[in-house]
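Given the coordinates of chain A, work out where chain B should sit on it, guided by the hints.
Those sequence lines, one after another, are chains A and B.
Using this note's numbering, read the first sequence as starting at 1021 and increasing by one per residue.
Using this note's numbering, read the second sequence as starting at 1021 and increasing by one per residue.
Worth double-checking, as some hints may not be accurate.
Where chains are identical, the list cannot tell them apart; a pair therefore holds if satisfied intra-copy or between any two copies.
To be verified - In silico DSBU-like pairs for lysine-lysine, Cα to Cα no more than 35 Å straight-line:
#: 1; residue 1: Lys1111; residue 2: Lys1212
#: 2; residue 1: Lys1082; residue 2: Lys1196
#: 3; residue 1: Lys1212; residue 2: Lys1046
#: 4; residue 1: Lys1082; residue 2: Lys1046
#: 5; residue 1: Lys1304; residue 2: Lys1111
#: 6; residue 1: Lys1111; residue 2: Lys1087
#: 7; residue 1: Lys1087; residue 2: Lys1196
#: 8; residue 1: Lys1304; residue 2: Lys1212
#: 9; residue 1: Lys1046; residue 2: Lys1087
#: 10; residue 1: Lys1196; residue 2: Lys1304
Source of the hints: derived by calculation from the structure; they are not laboratory data.
Keep in mind that this is a model prediction, so the values were computed, not measured.
Protein chains: 2
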Amino acid sequence: MAQLEAGDLAQAVIDRMADAPNPRFKQVMAALVQHAHAFVREVELTPQEWMTAIEFLTATGKMCDEKRQEFILLSDTLGISMLVVAVEQIKGARAVQAQVAAGAQPPTEATVQGPFYWEGSPELGLGSDIGEGAPGEPAYYSGRVTDTAGTPIANCCLDVWSGDGDGIYDMQMGEKAGMRLRARFHSDALGKYRFWSIKPTFYPVPDDGPVGDMLRAMGRHPNRPGHIHMMVYAPGYQRLTTHLFVSDSPYLDSDAVFGVRNSLIVDYAWHPAGTAPDGRTMEKAYYTAAYDFKLMPAA
Amino acid sequence: MAQLEAGDLAQAVIDRMADAPNPRFKQVMAALVQHAHAFVREVELTPQEWMTAIEFLTATGKMCDEKRQEFILLSDTLGISMLVVAVEQIKGARAVQAQVAAGAQPPTEATVQGPFYWEGSPELGLGSDIGEGAPGEPAYYSGRVTDTAGTPIANCCLDVWSGDGDGIYDMQMGEKAGMRLRARFHSDALGKYRFWSIKPTFYPVPDDGPVGDMLRAMGRHPNRPGHIHMMVYAPGYQRLTTHLFVSDSPYLDSDAVFGVRNSLIVDYAWHPAGTAPDGRTMEKAYYTAAYDFKLMPAA
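Bound-form chain A, shown alone (with noise of 0.2 Å):
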């Protein structure tokens, strides 16, 4: 019996595409295609596989709503954002490589924005406590500022925000609760920055949806190590987006979205009630955590 052929359809469905106007959508769109058919022939998709991933598909569309965005959550939990964002900034570090010093240091890793980044967070003071009042161990962050050469970054911007002790997000807990645990600092004329907030902890991404479902299935839990996000800008110098971990947070080998890059793992540093770093007198047991990024230049 001759053999039958797929034939080369992937190509058949690239050659349809000679005449769209975007060059850019074009390429995009070829790689896709050649990717997912090879996808399908490799695994030999079945028909009802086929079926079920449909279906994944239209429950995970149904699932998204103002509140709950079920295809970022998708693409998190493959690894797929954090990818993006990596190659974002590696594309950013090519744009620069010749106007960087030899010796210059690698730039802060960008990691993943997450879905809780609410723009327009108050303004403070170095030095401001934003964790007060919100459960959980009070820290103290301090740190400083610099381009990958080292020179200081004066009135950068750190746009911070955290989950409180308990793993909840302020924009978790309903339309009226307002802002909590996020603030916009600015760096002092050495590139400095210090705040108090709280030791954030590990919680889990929403896992009640077909994204849980599948985490399930590939016997995944859903849980992200303890962070606090952290947007550090300047004009004249490359954003970056990114976290910092507690050092001692479950799940730092196993982060739902991918997003631990070790070189943002931080040690909280405890210490008795007394005087902290900045003269501030606790009442409590309190952790410093040190960090220094390190912007790139924009392009």
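Chain B in isolation, oriented as in the chain A frame:
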């Protein structure tokens, strides 16, 4: 400046599935992750493009309801549905390689089922006319069903359906319109079949949703060439789901869902009013379309 590394994120995602209970699920997801990550790296997908993809998938999910399956349409228009069909048929052929004689002919090629199959259509006698009253020019269909060695298959079911001469299927005419242009016939003792219907015409897939936007961005039209669907099955043989395509239809070279196989293109011979091959007196011109089906033995 030291080079940033994206790290082997795809491998990290795959490693995270170590405890997945279902080995096939693990295999499929590992390949999916490899290809999805390779795609992102290859095109260096930007965060803006990623967000466009998220929004597209979300809108595609929102478009789905009981009447409309936009994800299947997406799969169809990217050639993936047809690829799944082709891969399935190739697997079927591989499974029976040993039991089929060397000189046997290739089986009839499969193509996509499409969204308009309706189970339980009327069982009619050979020679019945399912086109009467529907828009379109009459066409007489006949041929034989055999196995790949040429042995006739008696009492083989041909479950046929098509749109009318305006390209409209019964299912598109609202809940209460009922079945039209579809029936089940059974081959005679010699494997022969015959029935009357109409000569189908081209029609567009639904293009008022996200997939329509994608087709326009690709510079593509949404049309399928004229075709009649046939599902051909008998105990002991692999079920065949296919179309016959009208050889003088527009869009044979650019079927929106990539379903055309050259072996499925059939000449519709025109005849003036007069006596048809089955002795019927035709008061207006009609067509005849002849096609022989070859089924593979069951695995």
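Right, here's what the structure says about each hint:
1. Lys1111 / Lys1212: Cα proximity of Lys1111 and Lys1212: one copy only (28 Å, versus 65 Å across).
2. Lys1082 / Lys1196: both (26 Å within a copy, 28 Å between copies)
3. Lys1212 / Lys1046: neither (46 Å within a copy, 47 Å between copies)
4. Lys1082 / Lys1046: both (28 Å within a copy, 25 Å between copies)
5. Lys1304 / Lys1111: For Lys1304 and Lys1111, neither the intra-copy (45 Å) nor the inter-copy (68 Å) Cα distance is at most 35 Å.
6. Lys1111 / Lys1087: within (31 Å within a copy, 44 Å between copies)
7. Lys1087 / Lys1196: within (14 Å within a copy, 39 Å between copies)
8. Lys1304 / Lys1212: Within one copy only: 26 Å inside, 91 Å across.
9. Lys1046 / Lys1087: both (32 Å within a copy, 30 Å between copies)
10. Lys1196 / Lys1304: Result: close within a single copy only, 31 Å intra versus 74 Å inter.
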